[in-house]
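Kindly generate the complete structure, drawing on both the sequences and the hints.
Protein chains in written order, with full-length UniProt numbering: chain A, 1 to 578; chain B, 1 to 578.
One or more hints might be untrue.
Same chains, same label: a pair holds when it works inside one copy or across any pair of copies.
[To be verified] Cross-link-like lysine-lysine pairs, in silico, DSS-like; alpha carbons within 25 Å at most:
{"no.": "1", "residue 1": "288", "residue 2": "272"}
{"no.": "2", "residue 1": "205", "residue 2": "288"}
{"no.": "3", "residue 1": "232", "residue 2": "31"}
{"no.": "4", "residue 1": "489", "residue 2": "282"}
{"no.": "5", "residue 1": "455", "residue 2": "288"}
{"no.": "6", "residue 1": "282", "residue 2": "232"}
{"no.": "7", "residue 1": "123", "residue 2": "355"}
{"no.": "8", "residue 1": "485", "residue 2": "272"}
{"no.": "9", "residue 1": "195", "residue 2": "59"}
{"no.": "10", "residue 1": "232", "residue 2": "288"}
{"no.": "11", "residue 1": "31", "residue 2": "453"}
{"no.": "12", "residue 1": "485", "residue 2": "282"}
{"no.": "13", "residue 1": "288", "residue 2": "485"}
{"no.": "14", "residue 1": "489", "residue 2": "288"}
{"no.": "15", "residue 1": "417", "residue 2": "205"}
{"no.": "16", "residue 1": "455", "residue 2": "123"}
{"no.": "17", "residue 1": "282", "residue 2": "59"}
{"no.": "18", "residue 1": "282", "residue 2": "292"}
In short, the hints are calculated from the structure, not lab data.
2 protein chains.
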Amino acid sequence: LDYQHVQVPFEITLWIMLASLAKIGFHLYNKLPSVVPESCLLIFVGLIMGGIIYGLNDKSPPVMDSDIFFLYLLPPIVLDAGYFMPSRPFFENIGTILLYAVVGTIWNVFGIGFSLYGICQVKAFRLQDVSLLHNLLFGSLIAAVDPVAVLAVFEEIHVNEKLHILVFGESLLNDAVTVVLYKLFRSFCEMPAIKSVDVFAGIGKFFVVGLGGVLVGLTFGMTAAFTTRFTKDIRVIEPLFVFLYSYLSYLTAEMFHLSGIVAIIACAMGMKRYVEANISLKSHTTVKYFMKMWSSVSDTLIFIFLGVSTIGENHEWNWPYICFTVIFCLIWRALGVLVLTFFVNRFHVNTITSKDQFIIAYGGLRGAICFSLVFLLPDFRRKKLFIAATTVVILFTVFVQGMTIRPLVDLLAVKRKRESAPTVGEQIHIRFLDHLLAGIEDISGHWGQYYWKDKLEYFNSKYLQKILLREYDQPKSSIVLLYEKLERKHAIELAEAGQLGHAPSHPSLLNNDRIVVTDKKLEDTLNPDVLENIQEILARNLYRIRRTGPAYNRHTLPGETEPVEHAKEILILRRKSL
Amino acid sequence: LDYQHVQVPFEITLWIMLASLAKIGFHLYNKLPSVVPESCLLIFVGLIMGGIIYGLNDKSPPVMDSDIFFLYLLPPIVLDAGYFMPSRPFFENIGTILLYAVVGTIWNVFGIGFSLYGICQVKAFRLQDVSLLHNLLFGSLIAAVDPVAVLAVFEEIHVNEKLHILVFGESLLNDAVTVVLYKLFRSFCEMPAIKSVDVFAGIGKFFVVGLGGVLVGLTFGMTAAFTTRFTKDIRVIEPLFVFLYSYLSYLTAEMFHLSGIVAIIACAMGMKRYVEANISLKSHTTVKYFMKMWSSVSDTLIFIFLGVSTIGENHEWNWPYICFTVIFCLIWRALGVLVLTFFVNRFHVNTITSKDQFIIAYGGLRGAICFSLVFLLPDFRRKKLFIAATTVVILFTVFVQGMTIRPLVDLLAVKRKRESAPTVGEQIHIRFLDHLLAGIEDISGHWGQYYWKDKLEYFNSKYLQKILLREYDQPKSSIVLLYEKLERKHAIELAEAGQLGHAPSHPSLLNNDRIVVTDKKLEDTLNPDVLENIQEILARNLYRIRRTGPAYNRHTLPGETEPVEHAKEILILRRKSL
Numbered sequence: 001l002d003y004q005h006v007q008v009p010f011e012i013t014l015w016i017m018l019a020s021l022a023k024i025g026f027h028l029y030n031k032l033p034s035v036v037p038e039s040c041l042l043i044f045v046g047l048i049m050g051g052i053i054y055g056l057n058d059k060s061p062p063v064m065d066s067d068i069f070f071l072y073l074l075p076p077i078v079l080d081a082g083y084f085m086p087s088r089p090f091f092e093n094i095g096t097i098l099l100y101a102v103v104g105t106i107w108n109v110f111g112i113g114f115s116l117y118g119i120c121q122v123k124a125f126r127l128q129d130v131s132l133l134h135n136l137l138f139g140s141l142i143a144a145v146d147p148v149a150v151l152a153v154f155e156e157i158h159v160n161e162k163l164h165i166l167v168f169g170e171s172l173l174n175d176a177v178t179v180v181l182y183k184l185f186r187s188f189c190e191m192p193a194i195k196s197v198d199v200f201a202g203i204g205k206f207f208v209v210g211l212g213g214v215l216v217g218l219t220f221g222m223t224a225a226f227t228t229r230f231t232k233d234i235r236v237i238e239p240l241f242v243f244l245y246s247y248l249s250y251l252t253a254e255m256f257h258l259s260g261i262v263a264i265i266a267c268a269m270g271m272k273r274y275v276e277a278n279i280s281l282k283s284h285t286t287v288k289y290f291m292k293m294w295s296s297v298s299d300t301l302i303f304i305f306l307g308v309s310t311i312g313e314n315h316e317w318n319w320p321y322i323c324f325t326v327i328f329c330l331i332w333r334a335l336g337v338l339v340l341t342f343f344v345n346r347f348h349v350n351t352i353t354s355k356d357q358f359i360i361a362y363g364g365l366r367g368a369i370c371f372s373l374v375f376l377l378p379d380f381r382r383k384k385l386f387i388a389a390t391t392v393v394i395l396f397t398v399f400v401q402g403m404t405i406r407p408l409v410d411l412l413a414v415k416r417k418r419e420s421a422p423t424v425g426e427q428i429h430i431r432f433l434d435h436l437l438a439g440i441e442d443i444s445g446h447w448g449q450y451y452w453k454d455k456l457e458y459f460n461s462k463y464l465q466k467i468l469l470r471e472y473d474q475p476k477s478s479i480v481l482l483y484e485k486l487e488r489k490h491a492i493e494l495a496e497a498g499q500l501g502h503a504p505s506h507p508s509l510l511n512n513d514r515i516v517v518t519d520k521k522l523e524d525t526l527n528p529d530v531l532e533n534i535q536e537i538l539a540r541n542l543y544r545i546r547r548t549g550p551a552y553n554r555h556t557l558p559g560e561t562e563p564v565e566h567a568k569e570i571l572i573l574r575r576k577s578l
Numbered sequence: 001l002d003y004q005h006v007q008v009p010f011e012i013t014l015w016i017m018l019a020s021l022a023k024i025g026f027h028l029y030n031k032l033p034s035v036v037p038e039s040c041l042l043i044f045v046g047l048i049m050g051g052i053i054y055g056l057n058d059k060s061p062p063v064m065d066s067d068i069f070f071l072y073l074l075p076p077i078v079l080d081a082g083y084f085m086p087s088r089p090f091f092e093n094i095g096t097i098l099l100y101a102v103v104g105t106i107w108n109v110f111g112i113g114f115s116l117y118g119i120c121q122v123k124a125f126r127l128q129d130v131s132l133l134h135n136l137l138f139g140s141l142i143a144a145v146d147p148v149a150v151l152a153v154f155e156e157i158h159v160n161e162k163l164h165i166l167v168f169g170e171s172l173l174n175d176a177v178t179v180v181l182y183k184l185f186r187s188f189c190e191m192p193a194i195k196s197v198d199v200f201a202g203i204g205k206f207f208v209v210g211l212g213g214v215l216v217g218l219t220f221g222m223t224a225a226f227t228t229r230f231t232k233d234i235r236v237i238e239p240l241f242v243f244l245y246s247y248l249s250y251l252t253a254e255m256f257h258l259s260g261i262v263a264i265i266a267c268a269m270g271m272k273r274y275v276e277a278n279i280s281l282k283s284h285t286t287v288k289y290f291m292k293m294w295s296s297v298s299d300t301l302i303f304i305f306l307g308v309s310t311i312g313e314n315h316e317w318n319w320p321y322i323c324f325t326v327i328f329c330l331i332w333r334a335l336g337v338l339v340l341t342f343f344v345n346r347f348h349v350n351t352i353t354s355k356d357q358f359i360i361a362y363g364g365l366r367g368a369i370c371f372s373l374v375f376l377l378p379d380f381r382r383k384k385l386f387i388a389a390t391t392v393v394i395l396f397t398v399f400v401q402g403m404t405i406r407p408l409v410d411l412l413a414v415k416r417k418r419e420s421a422p423t424v425g426e427q428i429h430i431r432f433l434d435h436l437l438a439g440i441e442d443i444s445g446h447w448g449q450y451y452w453k454d455k456l457e458y459f460n461s462k463y464l465q466k467i468l469l470r471e472y473d474q475p476k477s478s479i480v481l482l483y484e485k486l487e488r489k490h491a492i493e494l495a496e497a498g499q500l501g502h503a504p505s506h507p508s509l510l511n512n513d514r515i516v517v518t519d520k521k522l523e524d525t526l527n528p529d530v531l532e533n534i535q536e537i538l539a540r541n542l543y544r545i546r547r548t549g550p551a552y553n554r555h556t557l558p559g560e561t562e563p564v565e566h567a568k569e570i571l572i573l574r575r576k577s578l
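Pasting the structure below:
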């Protein structure tokens, strides 16, 4: 037996296997995951595992290594989040999200830090040796809402899109703030004296870390898109580039002390559109599937490790400090959301309701990022107290808040996510309104989001697409893409039902009664009336897909789109319908 | 800048990136890969990289770590090979493959070992300190044909299926022999005296290592199949199990000093059938795609590292030893193939032609396995000589043989692989003949391959499928699966051509002239006559897929397949055709 030789990969594989089997186990009992969030169950499994290891070895089980967490477990989750980020609601609410992420987090850090310092001044609590800087450092790591924990809970409760993106977007973007404040306070702790220059340098760092991350991410994203231009002959390694470049963007950002999370999100969002157009359908399925798989495994491992690491002897228990930490975390977040939302609502027509505010405040879950950061603290006397407090805050938020948020959402009747995808009609109207608003903004001289969106779209179609896309002969509008997707889905469903040869979609053309049988099957899978209407309309109008420029376009004149071909096409269509 | 922190993942990612970009680069110039095999180009890239590193650092570039090779780079390639192994030709030729793999490899090891020992006795060559055992040890590592190198070359030259499986199967299964002989001679080298008991124990180990590998592989394969029964609610982690269990089988086999390659192949071949039936179509696409991607990257990395590791100062040059090694490798393989094939041909009707024999002998490429094994040798005075000889043999076989084999195949007019997939008609006939032969063997009392295949099939459908498959209500015959696959492919192609709504496959049912237009597009992608015929036949006969038991079945009586439903079905069909 030669265990030494295979130990590392063997143990990694076994941990992943345990995580996957735990996931399967929960889903075998359908009732369990509908009551308790998966994250709680996984932490519970981790606690049991940790208990077993502790019992067998009689020493603390291994603690989740911060390096493993930040270098290997976190990136897949953030990549998945960035790649599948709904870009429209994200950019529509970017102002509010940034306000929560930057101002809200700073507010929480200083609020929690200063009030805990106040608690430390009470003599009866025996905490006088914890300095203000240490409290602020602790505040900086405990204040940030954790994207992994938020995702795990919010994916199951299906709140409305805006509310979801506000909480989730905040949890992703606050990384830049957390990184800066954490490193700032840590270096302050080690400095003999703090000059005011250092404080200003710290403020300047916010912009460097955040914007630097975006820049690194976009650079790698564009390079990824450019690379996939040339993979036509080796389809099989296409998915690799998506993963390699995003991971490189994360590592590069981390290397330069920028925000890795912000970088990987910028990379994923930047490349998605072009990569999707360049790579084959199967490659794309693989990319999507593997991203989901990877992030789901990482997520599972993180929660299990969180449970395992909780067991052990590295805690110092101090009732007042720990209890007040939990209380201050709740209070300062609630206050912060209330104050910030008050200002947000003054400038927006579509306001955030008080129910939504409650869920935003209540959804501020802490998770593995805090946990890893607290272990990365330099050694000092009260480190074990901070570890204990962090563990309690995480377990409290994940278990108590995570388990009660679903009943609360039901109780408050918070607006839910709409179940159905937007129809083609809706999409056309949204598009139309976008153009209309861009036009209005241009005339009124107001440079709002529609103006910038339009500018970006112009830049994209004029330069970026030409460089990054392989086949730039006909830009497909999203409606045509939706139609194609529907058709493909329809075709596969038909083929899987064994109906392909028998189900032409124009029953009026046939004088055969077999149609009655086959259409019945079709009804089970898709609403045939809706589909037929769409097909009818699209088949007539988009039969030969043409450049679907809208009637109003600020960059081209109406006559520019090859009038001769256009006319010919109309002629063909007319002849057919006659 | 904090490079230390991200160094490991960063450098790994960069190496993979280099490998992928090199692959893209070659394919941009279509002419290059058609003349020079990719493996040669990659070694060349590696040599250049190694030269640059050597030039910059003025010391030998890092050598490919044997652990990294055996634990991380080799498994994906072998998994891919096992999963996509054409099982029919493999099992039809299993006897010949085993003969080449076991007897042929032993023949080569002792042939090369003893004749090199003979060379060492020539005083002028100054090699008298190389003992017989060291020569045999060297023979055991240089004798084995390398699956990675063989795959890289043979995938491009498209020889007929039997020839391919003979060379490729041998290269995979000889691993068991190589492992045993290598470890045997290595322990002999360290022993003070060798008893005859040790020699017999060595012979016994062959069976343990080979059959143990098969057993470990099948155990993990069946467990994997069983696990995928329960993944219906979490489709997203299905692909993971395929990879985890195969990797575990490899690691477990390695841990017990069994053949990891044999284990992973047995695991992949064992689970494939059941896993495919259990997991979703998208999961399966992901599994296939990722396997191909992973193996292709591993393969690329191996050849690049091979090139990099060649540069450096760990070679001892001795003209006679190195030249004679190359010559003996060629001669003994050629002799071995000739002698073994002579016996094989006496017992087979479908003989191996002399052209095929030449290609088998000439296709005996050496690769990274030899290279890793030679570095794993215990340190002794002449290790550097062995490293040099191994490097030369690998470069000689990959460059000279690999580059000339394609022209030789053309020149000799070796029978090529048939381009088209077998038609449904052929498949039906093959199936029919199998059953016929199984019946004949049963009557004549001869327990041949058909008899065992039939037994296995019975065992499979009676027990294994019930345990391992989720939906065991209707075993789909391969013909029905082929039909479904064709239909699905057809549907997707139609949808992608935008023709779905307009192309019913029964033009006779329509009195509309649009059909003429659409059928023209159809002709470009599929031969419409063939497809229509198949559809017509299958649609009538398999409209409601029924238990397609063949007329002759040794385990069920003809009347057993629900006669009432059967009759009803026929009634429906008849009513329709009237």
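Of the hints given before, which are not true for this structure? Result: hints 2, 5, 7, 9, 11, 15, 16 and 17 break, sorted rising.
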